[in-house]
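Model the full assembly from the supplied sequences, consistent with the hints where possible.
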Amino acid sequence: MHDEPNLAALDLNLLVVLEALLAERHVARAAGRVGLSPSATSHALARLRRLLGDPLLVRDRQALVPTARAEALAPRLADALASLRTVLAPPPAFDPATARRRFVLGLADYAQFILLPPLLTRLAETAPHVDLVARDFPLERPLERLDELDVLVAPDRSLARADPIGPHVGAALRERRLFRERFVCVARRDHPRIGKKLDLATFVALPHAFIAPRGIPGGVVDDLLAERGLSRRVALMVQHFLVAPYTIAGSDLVITLAERVARAFATHLPLTIHEPPLAIPRFAMHLYWHERRHLDPAHQWLRQQLLAIGKEL
Numbered sequence: 001m002h003d004e005p006n007l008a009a010l011d012l013n014l015l016v017v018l019e020a021l022l023a024e025r026h027v028a029r030a031a032g033r034v035g036l037s038p039s040a041t042s043h044a045l046a047r048l049r050r051l052l053g054d055p056l057l058v059r060d061r062q063a064l065v066p067t068a069r070a071e072a073l074a075p076r077l078a079d080a081l082a083s084l085r086t087v088l089a090p091p092p093a094f095d096p097a098t099a100r101r102r103f104v105l106g107l108a109d110y111a112q113f114i115l116l117p118p119l120l121t122r123l124a125e126t127a128p129h130v131d132l133v134a135r136d137f138p139l140e141r142p143l144e145r146l147d148e149l150d151v152l153v154a155p156d157r158s159l160a161r162a163d164p165i166g167p168h169v170g171a172a173l174r175e176r177r178l179f180r181e182r183f184v185c186v187a188r189r190d191h192p193r194i195g196k197k198l199d200l201a202t203f204v205a206l207p208h209a210f211i212a213p214r215g216i217p218g219g220v221v222d223d224l225l226a227e228r229g230l231s232r233r234v235a236l237m238v239q240h241f242l243v244a245p246y247t248i249a250g251s252d253l254v255i256t257l258a259e260r261v262a263r264a265f266a267t268h269l270p271l272t273i274h275e276p277p278l279a280i281p282r283f284a285m286h287l288y289w290h291e292r293r294h295l296d297p298a299h300q301w302l303r304q305q306l307l308a309i310g311k312e313l
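The opening residue of the sequence shown carries number 1 in UniProt numbering; numbering runs sequentially from there.
To be clear, the hints were calculated from the coordinates, so they are not data collected in a lab.
Mixed in with the good hints there might be a few duds.
Listed next, with one range per pair, are the computed distances between beta-carbon atoms [claimed, not checked]:
| # | residue 1 | residue 2 | range |
| --- | --- | --- | --- |
| 1 | E275 | R100 | 42 to 50 Å |
| 2 | L84 | E259 | 52 to 60 Å |
| 3 | R135 | L81 | 38 to 46 Å |
| 4 | R101 | P277 | 44 to 52 Å |
| 5 | R101 | T67 | 13 to 21 Å |
| 6 | D131 | A89 | 23 to 31 Å |
| 7 | R59 | T86 | 31 to 39 Å |
| 8 | L120 | P277 | 32 to 40 Å |
| 9 | P90 | R69 | 31 to 39 Å |
| 10 | E125 | E275 | 32 to 40 Å |
| 11 | P281 | R122 | 15 to 23 Å |
| 12 | E275 | L236 | 16 to 24 Å |
| 13 | N13 | P281 | 55 to 63 Å |
| 14 | A201 | L120 | 14 to 22 Å |
Quantities reported herein were computed from a predicted structural model and do not represent experimental measurements.
Idealized CB from N, CA, C, for every residue including glycine.
Spelled out as structure tokens, the structure:
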């Protein structure tokens, strides 16, 4: 029983040289084919002869003639190198018009509300067979679970609180900013206690609705009020924003919302949008993805769509 060759000790470039020699049957022409000097090609042939224990090519007048061993291995060598070239070839280009692919997006309800309609419009026009799965992004250590998603869209500050990026996560993380957003205050139309302008005293005195995705009270508004020695009463706390505008339209509560959401609902509900009486910092929505997907052509296409939507926003 023959020992199998030790591939770890084999210079695979020798097989490329052998392929050229078998095709050209001439050292100089084979050298030109593989980009080596004739001398280096002759040295490679000598190494191949020692490795395989066979002369492989012998001189006959002006040409090199393959031995029986060389003739037997030629087709298998061609198949092996063709397979290797297939393995090492770059991935095929992604054609959205014909691709059948499903992407899993980590999106909280706000990001779903803002991004899915324009993304679906783009898919209908350019990628009719691409499907989407939208999931709430995991609230506990979301970045460590990023490998389960194609992309994650989340506010920058929310991730900083939920998942401090350690070196084990940060090394595998890619990130781009999608768009910026600001807060506005929303109350029902003809609210009995709000005039044309919402002042701070009225804002503090009114009962508030508050969106707390993690079910934990307190947020940027409460922090800003506390800096002034003030506080507010949160009469309603919910985890998702979609119910909040309907609640506001039928009550005397006031809510602080992302402006894009507020303006969308104000076109359908009897709501009025007011400038906040506090200087509430803007926030940015970021796109996150795992390093292992960074060069995948399909994934690159998906990110291009989302970044284009972010630019339009």
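Hints, verified against the model:
| no. | hint | result |
| --- | --- | --- |
| 1 | E275 - R100: 42 to 50 Å | holds, 48 Å |
| 2 | L84 - E259: 52 to 60 Å | holds, 56 Å |
| 3 | R135 - L81: 38 to 46 Å | holds, 44 Å |
| 4 | R101 - P277: 44 to 52 Å | holds, 48 Å |
| 5 | R101 - T67: 13 to 21 Å | violated, 50 Å |
| 6 | D131 - A89: 23 to 31 Å | holds, 27 Å |
| 7 | R59 - T86: 31 to 39 Å | holds, 34 Å |
| 8 | L120 - P277: 32 to 40 Å | holds, 37 Å |
| 9 | P90 - R69: 31 to 39 Å | holds, 35 Å |
| 10 | E125 - E275: 32 to 40 Å | holds, 37 Å |
| 11 | P281 - R122: 15 to 23 Å | violated, 31 Å |
| 12 | E275 - L236: 16 to 24 Å | holds, 22 Å |
| 13 | N13 - P281: 55 to 63 Å | holds, 59 Å |
| 14 | A201 - L120: 14 to 22 Å | violated, 44 Å |
Consistency note: the structure conflicts with the earlier hints numbered 5, 11 and 14.
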